[in-house]
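Q: Go by the hints and put chain G onto chain B.
Chains as they are written, first to last, in UniProt numbering: chain B, 1 to 317; chain G, 1 to 269.
FYI, nobody ran anything at the bench for these hints, they're computed from the structure. Keep in mind it's a predicted model, so treat the numbers as computed, not measured. Do not rely on the hints blindly, as some may be mistaken.
Pairs of lysine to aspartate or glutamate residues, derived as EDC-like cross-links and limited to a Cα-Cα distance of at most 20 Å, are as follows [as the list claims (entries may be wrong)]:
(1) G:265 with B:200
(2) G:45 with B:277
(3) G:45 with B:247
(4) G:45 with B:62
(5) B:159 with B:116
(6) G:265 with B:247
(7) G:45 with B:271
(8) G:212 with G:242
Letter by letter, the chains look like this.
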Amino acid sequence: MSKLSITAGGLKLKNPVLIASGIGGYGAELIPLLDLEAIGGVVTKTIFEEPRPGNPPPRIAETPNGMLNSIGLEGPGIERYEKEKLTRLEGLDTRIVVSIGGYGPEDFAKLAERLDDLDRVDAIELNISCPNVKEGGLNMSTHPNLAEEVVVATRRVTKKPLWAKLTPNVTSISDVGRACLHGGADALSAINTLLGMRIDVDRREPLLARGMGGLSGPAIRPVALAKCFELVRALNCDVVGIGGVEDTSSALEFLVAGCKAIQVGTVVYAEPQVPVDIVAGIEAYMDKHGFTELSQVIGTLKVEETLLIGPKATKAK
Amino acid sequence: MDQEPRLDRARVRAHEETGPGFYWLQLELPADYPETLPGQYLNLKTNEHGFKFRRPFGVVEFRREPQAVLIELYYAVVGSGTEAMSRWRPGDDVDCLGPLGVGYSVDKAQPALLVAGGRGAAPLLYLYRLLKESGHASIQFAFGVRDEELLFGMDRLQETDVLLASDNGSVGFHGNILQAIETERPSWLLGQPVIYACGPEALLAATGGFAKRHALQAQVSMEGVYGCGLGLCRGCAVPLVDEERFLMQCLEGPVLDAHRVDWEKVPHV
Chain B
1 MSKLSITAGG LKLKNPVLIA SGIGGYGAEL IPLLDLEAIG GVVTKTIFEE PRPGNPPPRI
61 AETPNGMLNS IGLEGPGIER YEKEKLTRLE GLDTRIVVSI GGYGPEDFAK LAERLDDLDR
121 VDAIELNISC PNVKEGGLNM STHPNLAEEV VVATRRVTKK PLWAKLTPNV TSISDVGRAC
181 LHGGADALSA INTLLGMRID VDRREPLLAR GMGGLSGPAI RPVALAKCFE LVRALNCDVV
241 GIGGVEDTSS ALEFLVAGCK AIQVGTVVYA EPQVPVDIVA GIEAYMDKHG FTELSQVIGT
301 LKVEETLLIG PKATKAK
Chain G
1 MDQEPRLDRA RVRAHEETGP GFYWLQLELP ADYPETLPGQ YLNLKTNEHG FKFRRPFGVV
61 EFRREPQAVL IELYYAVVGS GTEAMSRWRP GDDVDCLGPL GVGYSVDKAQ PALLVAGGRG
121 AAPLLYLYRL LKESGHASIQ FAFGVRDEEL LFGMDRLQET DVLLASDNGS VGFHGNILQA
181 IETERPSWLL GQPVIYACGP EALLAATGGF AKRHALQAQV SMEGVYGCGL GLCRGCAVPL
241 VDEERFLMQC LEGPVLDAHR VDWEKVPHV
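In isolation and in its complexed conformation, chain B is listed as follows:
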């Protein structure tokens, strides 16, 4: 399987397929249904310093080819996470990327500093982009300066690879991405969910208690792909593609667009084994096209530069 290996955002992966944050719980929960050692890694559910009960129900709704969620980053807090969740992943031959959250740069730094001491943590993803957290009322990934502050604060306390997860709910994702890279991020994970809504017309109520929530699933894939392509093109950096990956072909779209790795999300709820199928599918694709290493796939999109819309590359690729 070594031909599938890749280094993404400073992290060496046996293959480019990870499970996205918020999908596979804290990792171990999926073990009965999915061989975690067959995939590149797992990004664990975002952890805050303190336990969080999450949002009141209803928290989820099905949407055309996707879903809305308003979970509100429910979690046990770092103390229990470390003792009860992370320990279950000891000895597992797969990468563990721990997603962390907070209300400001100092919260992120505190968690990153703590995780820096833990060998089982291979990288840290900064969730600066969840749409479902009310506190502070601010999504740090919508402001380049705030995003950069979070990265700078965490970079100062850890040598582990740092991935900054970006929201698509901005005018220019590359402005925020640039700030994160400037602050010291090793990769940009894109995208988090799009803000969405559904309404029960008989009750004339939103389907989610909080009104709006994060839209995910195959429905958002074209948006995700465009954002990832924009980041790769404008910033020439390591991007971990997320958003509606459901099979080999959709995973390959992100890789061809220039993402170094991909994360599989929502579809895992319905089909837990899909990430493993995608690994096999990418290998079959490479065999079919005679590719011997993944770099022959990544960023090989053929385009006519003069015709492309979107921000232009800042550096030659």
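A: For chain G alone, kept in the frame of chain B given last:
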């Protein structure tokens, strides 16, 4: 969860429309399929185009044959998923995740009062059979429906154990099933019966209040939208009395102690 969930290709052995838009489905699973108890459920892929949540169904019957396990379900066509299911034919393969959730926990010493609302009768029909076979001393089945034509599974019950009620008076007591018990069978409330209920959330909330009034234990099986059935998506949060945390219905339920649920905070009760 007692068992670890597993993914199987189940096979449709039989499938019949037993009432208007109401179906009985018999699935064949591998012979080593784990024991699945009343209140536990299977999460099925409906094979629609595009991403869809799996659909959860409480088990109505579980039988071991030498070569297979047979599991029966009832379902009503209520949306696109169950519509797609209604076209399944014997021999079709079904992507099945299960067994999931926590079922009823039977108190052998106490009389059993089963309270069913509409299609919520499904898991209680299975519980009824197991209680009968175990020689349980007292088993009563109270079944409320909107209209007589929505009754099902009556051939699985002994008439003398059953009390019926309907919202429109087309069968049995005219009114809700809890009123029916208090009015028609007050003796069923003697001897501290344990209530095992399943049905719409409004009935379950009412059952919680009813159990409190009569100082009875009540286990209720809730219906809900599950993103995963595995406790991963944290979507099916149930508010609890005196606890800040939410309980995950798909994993820690669907059968819950009615007295633990904060019914005022459950949506649409």
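Q: With reference to the structure, classify each hint as holding or not holding.
A: These are the hints, each one checked on the structure:
1. The straight-line distance between the Cα atoms of residue 265 (chain G) and residue 200 (chain B) is roughly 18 Å, inside the 20 Å bound, and the hint therefore holds.
2. Only pairs whose Cα atoms come within 20 Å are accepted, and residue 45 (chain G) paired with residue 277 (chain B) is accepted, the gap being roughly 17 Å.
3. As the CA atoms of residue 45 (chain G) and residue 247 (chain B) are separated by approximately 16 Å, the hinted pair is consistent with the 20 Å bound.
4. Pair hint residue 45 (chain G) plus residue 62 (chain B) holds up; C-alpha atoms about 14 Å apart against a cutoff of 20 Å.
5. For the hint linking residue 159 (chain B) to residue 116 (chain B), the alpha-carbon distance of about 7 Å falls within 20 Å, and the restraint holds.
6. With a C-alpha separation of about 39 Å, the suggested pairing of residue 265 (chain G) with residue 247 (chain B) is violated against the 20 Å cut-off.
7. A hinted pair counts as satisfied when its Cα atoms are at most 20 Å apart, and residue 45 (chain G) with residue 271 (chain B) qualifies at roughly 9 Å.
8. Between residue 212 (chain G) and residue 242 (chain G) the CA atoms are separated by roughly 16 Å; this keeps the pair inside 20 Å, and the hint holds.
Figure legend: structure checked against the earlier numbered hints; the only hint not met is number 6.
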